[in-house]
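A.B. asks: Next come the chains, spelled out residue by residue.
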Amino acid sequence: MTALEIRDLHIRRGGIEVVHGIDLTVTAGEITALLGANGAGKSSTVLAVAGIVRDTSGSITADGSGIRGLAPNKVRRAGIATMQEGHRVFSDISVADNLAIAALLLPRAERAEAVESMLDLFPEIHGFADRPAGSLSGGQQQMLALATALAARPRVLVIDEMSLGLAPLVVARLVPALRAVAEQGVGVLLIEQFTSVALELATSVTVLAQGLVTLRAPAKELRDHPERLAAAYRLTEQ
Amino acid sequence: MNLLPFVVAGLVIGSVYALSGVGVLVLYRTTGVLNFAHGAVGGMAALLVWQMVELRMQPPVAIALGVAAGAAIALLFGLVAGPFLARVDQLRKAIATLGLALALLGLMLFVWNDKARTIRLESSRISFDVAGARVNVTQLVCLGLALLVVVGTLLALRYTSTGTSMRALASDRELAAVVGTNVRLVENTAWAISGAVAGVSGILLADQTRLEPAFLTFLIIPELAAVVIGRFVSLWLTLVGGLAVGVGQSLVSAWPTVSAFSTAVPFVVATIVILVAARRRVVTVRVVRT
Numbered sequence: 001m002t003a004l005e006i007r008d009l010h011i012r013r014g015g016i017e018v019v020h021g022i023d024l025t026v027t028a029g030e031i032t033a034l035l036g037a038n039g040a041g042k043s044s045t046v047l048a049v050a051g052i053v054r055d056t057s058g059s060i061t062a063d064g065s066g067i068r069g070l071a072p073n074k075v076r077r078a079g080i081a082t083m084q085e086g087h088r089v090f091s092d093i094s095v096a097d098n099l100a101i102a103a104l105l106l107p108r109a110e111r112a113e114a115v116e117s118m119l120d121l122f123p124e125i126h127g128f129a130d131r132p133a134g135s136l137s138g139g140q141q142q143m144l145a146l147a148t149a150l151a152a153r154p155r156v157l158v159i160d161e162m163s164l165g166l167a168p169l170v171v172a173r174l175v176p177a178l179r180a181v182a183e184q185g186v187g188v189l190l191i192e193q194f195t196s197v198a199l200e201l202a203t204s205v206t207v208l209a210q211g212l213v214t215l216r217a218p219a220k221e222l223r224d225h226p227e228r229l230a231a232a233y234r235l236t237e238q
Numbered sequence: 001m002n003l004l005p006f007v008v009a010g011l012v013i014g015s016v017y018a019l020s021g022v023g024v025l026v027l028y029r030t031t032g033v034l035n036f037a038h039g040a041v042g043g044m045a046a047l048l049v050w051q052m053v054e055l056r057m058q059p060p061v062a063i064a065l066g067v068a069a070g071a072a073i074a075l076l077f078g079l080v081a082g083p084f085l086a087r088v089d090q091l092r093k094a095i096a097t098l099g100l101a102l103a104l105l106g107l108m109l110f111v112w113n114d115k116a117r118t119i120r121l122e123s124s125r126i127s128f129d130v131a132g133a134r135v136n137v138t139q140l141v142c143l144g145l146a147l148l149v150v151v152g153t154l155l156a157l158r159y160t161s162t163g164t165s166m167r168a169l170a171s172d173r174e175l176a177a178v179v180g181t182n183v184r185l186v187e188n189t190a191w192a193i194s195g196a197v198a199g200v201s202g203i204l205l206a207d208q209t210r211l212e213p214a215f216l217t218f219l220i221i222p223e224l225a226a227v228v229i230g231r232f233v234s235l236w237l238t239l240v241g242g243l244a245v246g247v248g249q250s251l252v253s254a255w256p257t258v259s260a261f262s263t264a265v266p267f268v269v270a271t272i273v274i275l276v277a278a279r280r281r282v283v284t285v286r287v288v289r290t
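So the sequences go chain by chain: A and B. In terms of UniProt numbering, the first sequence has 213 at position 213, counting the first letter as 1, and numbering is strictly consecutive. In terms of UniProt numbering, the second sequence has 218 at position 218, counting the first letter as 1, and numbering is strictly consecutive.
The shape of chain A in the complex, shown without the other chains (with noise of 0.2 Å):
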């Protein structure tokens, strides 16, 4: 079933398109990886999917319902929830309250429970429940971002660089916890600069090169066949 799909999406920013028309679909269950170097226009279809980035033409459907162009809490309330690159957390709040403001979406009778089912997923910040967020490491702030957005029970679960700056003892301990996710019904785009995460978790593959579509292939296959993988990075620059 399809939880998010991408047709014809034009992004611009400061007035210059850096995104376009790409098609992208996020089947229900399943780990989407969008891969391709820096400046490819991976964080801005994250930022156009959230609606932080409003300034698009073309398609952005989640469940069939049109949310381009939706402000960032609406979309939110479309069951897309939004992992932003830099493991972004309420920094001056407790790691606790960092999960109650997104449990806020929750019936109230929910909350203390979700919040205590995100802390019983990542045991490494329960401990820490009552501190600052911002006094956490690196990898507990990315647990916390990823707790933070699976909190209220999303459909579609858009991380933005999960392993970005992080060790890779924290990122083999993300791996399960985002597999486990997909496993229970939630579709995940999974943007990455690092293809080896992204191929070791997902299904199938997108690949942009300066904001175009370059590759879309299962995950299998470009794990068989890596070369492919790196001749679609560099196609746009032949």
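Some clues are possibly wrong.
Mimicking EDC-like on lysine to aspartate or glutamate, the simulated pairs with C-alpha atoms at most 20 Å apart in a straight line are [stated by the list, open to error]:
1) K74(A) / D92(A)
2) K220(A) / E30(A)
3) K74(A) / D172(B)
4) K220(A) / E200(A)
5) K74(A) / D55(A)
6) K74(A) / E174(B)
Which chain B residues stay away from chain A? Per the calculated CB distances, all over 12 Å, these [as the list claims (entries may be wrong)]:
7) V8
8) G32
9) Q58
10) A68
11) A96
12) F110
13) V111
14) D114
15) L140
16) A176
17) V179
18) V252
Don't read these hints as lab results, they were simulated from the structure. Since we're looking at a predicted model, the values are computed, not measured. Note that the Cβ used here is the ideal one computed from N, Cα and C, for glycine as well.
Please arrange chain B on chain A, whose structure you already have, making use of the hints.
C.D. replies: Structure of chain B alone, referenced to chain A:
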């Protein structure tokens, strides 16, 4: 000279500065707007109360409507200007509210002229002696209300959904929106609350001092001094700051030779706090580097 009456008067005025400062601070932290029109909104609410009482309305009803008018004026400005203010830097936001302050001041002068009036609340007619100083019930209300609003605001920020959302906006507006916070709704709530607080403050100041449009409009200066002393963060320090400014102003006005400088007290107190805070930060940095 018995300074106690001046200390009492200063504490009362200072508590209203603090009360007003809490309104300014909550709005600033939630929306990023430093509202220079806070005093003018209070002045408008107080003049409406005076007008309604003149028209033989029951004072409690008039006061309730005056507070509601303060909330409505601030909310209306938030609804109309909020979406534009969200896209501009803090200096432009502040200047936009200065425009509102001047517009409200002009409207007050146009409708009611610049004559000084008074609102005499019923509670101000009941008074008693405390160690030689005359204290009335309204003065006790001012002090109690400031404390109540600080405690109430802290509890609301901690335990209510709206308060939690306000903290989220104060911390990271974009992230708050991304996790689902209805930014416009929370901002509008902050405008309405801040306007209601301005209304209450304006009515109390009109009773304790005088009801004059320009005087009430420019009371934003000592109110802002309280917020500066609170470092734009702390509600408790804003309360302390308001009381310090009020008492300082009152004591300076007790001496005829320097009483003309009482209006400078907020600047002096705020400047001392900024300098001490900056000096402490430099010392801390040096210690860390050593």
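A.B. asks: Of the numbered hints stated previously, which ones are contradicted by the structure, given in increasing order?
C.D. replies: Failing hints, ascending: 1, 16, 17.
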